[in-house]
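Chains A and B supply the protein sequences, listed in that same order. Residues in the first sequence are numbered consecutively from 2, following this note's numbering. Residues in the second sequence are numbered consecutively from 288, following this note's numbering.
I should point out that these hints are in silico values taken from the structure, not numbers from a laboratory. This structure is a prediction, so every number in the text was calculated from the model and none was measured. Keep in mind that the hints are not guaranteed to be accurate.
The list that follows gives simulated cross-link-like pairs (lysine-lysine, DSS-like), each with its CA atoms no further than 27 Å apart [claimed, not checked]:
1) A:Lys101 / B:Lys311
2) B:Lys365 / A:Lys101
3) A:Lys72 / A:Lys60
4) A:Lys101 / A:Lys72
5) A:Lys56 / A:Lys72
6) A:Lys4 / B:Lys311
7) A:Lys72 / A:Lys4
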Amino acid sequence: SQKIEQNSEALNIQEGKTATLTCNYTNYSPAYLQWYRQDPGRGPVFLLLIRENEKEKRKERLKVTFDTTLKQSLFHITASQPADSATYLCALDRGGNNRKLIWGLGTSLAVNP
Amino acid sequence: DAGVIQSPRHEVTEMGQEVTLRCKPISGHDYLFWYRQTMMRGLELLIYFNNNVPIDDSGMPEDRFSAKMPNASFSTLKIQPSEPRDSAVYFCASSFPDSQETQYFGPGTRLLVL
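Pulled out of the complex, with its shape left as it was, chain A reads as follows:
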């Protein structure tokens, strides 16, 4: 069956360092992969989308890579800040007419001042 795995353990890093979160998938060929941020008591908020033919996407301090051979996406936050503390979710999109996203359980990130 289709499976998505994200770092199950919370990630704790020091302010100013780079946070790297992992999203691995099996039995799936996504057309797109999306990353969302979720704060406690709130709905997920879209951050970045990367296509299967793109290796890397950047937005300000955020960078996403997509390796379809390894079936893996990495999400980086450079110069991390305490305000970046949240849960980060990856979601796979098969593209086309089917709008159903397959979600990972998320990774909790804590940036310590």
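For chain A, the structure is supplied; the task is to place chain B on it using the hints.
Chain B only, in chain A's frame:
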């Protein structure tokens, strides 16, 4: 734009009671999604609509769950009768018709069934 609006934000009910969750999508969005989120299972898609028509309801747990979208600006998710295992956060999300478009989530309804 006010974003996706959900009501109520919190609901506490007793087992066996009917629960109705409401959602107003962002104006102009043609797709509407209902999700359930729990710690164990994460985000699960229950059903989604396109232009008010249900497209995929394969995630609806059982006949106790039903969803409607009578017009482009309103949708409901109903649970009847409710059970303790239905306790979760229910999110509504909407998006534009472009297949690459992302989903915009509401604040969620936290449901507790006693």
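Results of checking the hints against the structure:
1. A:Lys101 / B:Lys311: Given that 27 Å is the threshold and the Cα spacing comes to 20 Å, the pair holds.
2. B:Lys365 / A:Lys101: Distance ~21 Å between Lys365 of chain B and Lys101 of chain A Cα, so the pair holds.
3. A:Lys72 / A:Lys60: Within the cut-off at roughly 22 Å; holds.
4. A:Lys101 / A:Lys72: holds (19 Å)
5. A:Lys56 / A:Lys72: holds (12 Å)
6. A:Lys4 / B:Lys311: At roughly 31 Å apart (the allowed maximum being 27 Å), Lys311 of chain B and Lys4 of chain A break the hint.
7. A:Lys72 / A:Lys4: holds (11 Å)
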